[in-house]
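Going from the sequence shown to my numbering is simple: count from 1 and add 13.
These aren't lab readings, by the way, just hints derived from the structure by calculation. These numbers come from a predicted model, not from an experiment. Each residue gets a CB set at the ideal place from its N, CA and C atoms; glycine is no exception. Please note that a few of the clues may not be correct.
[Said to hold, decoys possible] With beta-carbon atoms standing in for the labels, derived distance ranges:
#, residue 1, residue 2, range
1, Val246, Ala213, 21 to 27 angstroms
2, Ser262, Arg149, 56 to 62 angstroms
3, Lys270, Glu206, 29 to 35 angstroms
4, Gly99, Glu37, 22 to 28 angstroms
5, Ala177, Phe249, 46 to 52 angstroms
6, Lys183, Lys264, 36 to 42 angstroms
7, Ser237, Asn192, 18 to 24 angstroms
8, Thr97, Phe261, 45 to 51 angstroms
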Amino acid sequence: MAETDEILIDRADGVVTITLNRPERKNAITGEMWAALRGIFSEVAERPEDRVLVITGAGGAFCSGADLSAIGDISAGGLNRMRTVGAAAQALHDLPKPTIAKVSGVAAGAGANLALGCDLIVASDEARFSEIFSARGLSLDFGGSWLLPRLVGLHRAKELAFFADILSAKEAQDFGLVNRVVPSADLDGFVDEWARRLAAGPPIALSMTKRMLNNSFTSTLAESLEAEAVSQVVNFKTEDMGEAMRAFSEKRPPNFKGR
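Make the full structure from the sequences, and use the hints.
Below, the structure is given as structure tokens:
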């Protein structure tokens, strides 16, 4: 998936950074951008050299959600257009690599759920979050109805969705929506460190851990234990585990290759 003016892609040392680049619209996402994001997520999933995905926004905002200035085009597209949005959410969820949302400024509506769909969220102390849908006469999308109850519980999910309040970064952290809140000046450095640490990790083991955690809410204990057993059998046979043992005995960082 090629870089466009509206979605910038940067690759460095196993870290892929996607930047939503419509600062004049607070990075609101068009129908074409949803389709492009789905393609990018699928591409990152398939490239072994891509180990971590970071999503952020340009111009001091993360994402204000879908671009409702084109509401006529959206409504004309009907169910198919919304299924494109859903397909992007599914591709992000299915991506078998760690994902980080780097949030500065506003993350609202589908933009908030784009962040929540990532494995980790780091927000600047100036970030703001809102499930703004009901204030626009809309119901939740981009996976919000699935994500919110799992992150904060059913009653708090309903509070966020019904009232569409704007939460500060600290309030979002108190709700359990955000992993870390850092000063705005430290946001890039903090996320870069986390991304580098994840990119240096064992790709196969991290992928299986992510899948098991994602499946945990719909798995029995017996099913989870069986998945753990299968995963460990796979890990025991990887070159990465042998490298981890050698690195431990030699008192050096491991050099994982993902095989």
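Point to revise | Index of numbered hints that the structure contradicts, given in increasing order | key: Number 3 - this is the single hint that the structure violates.
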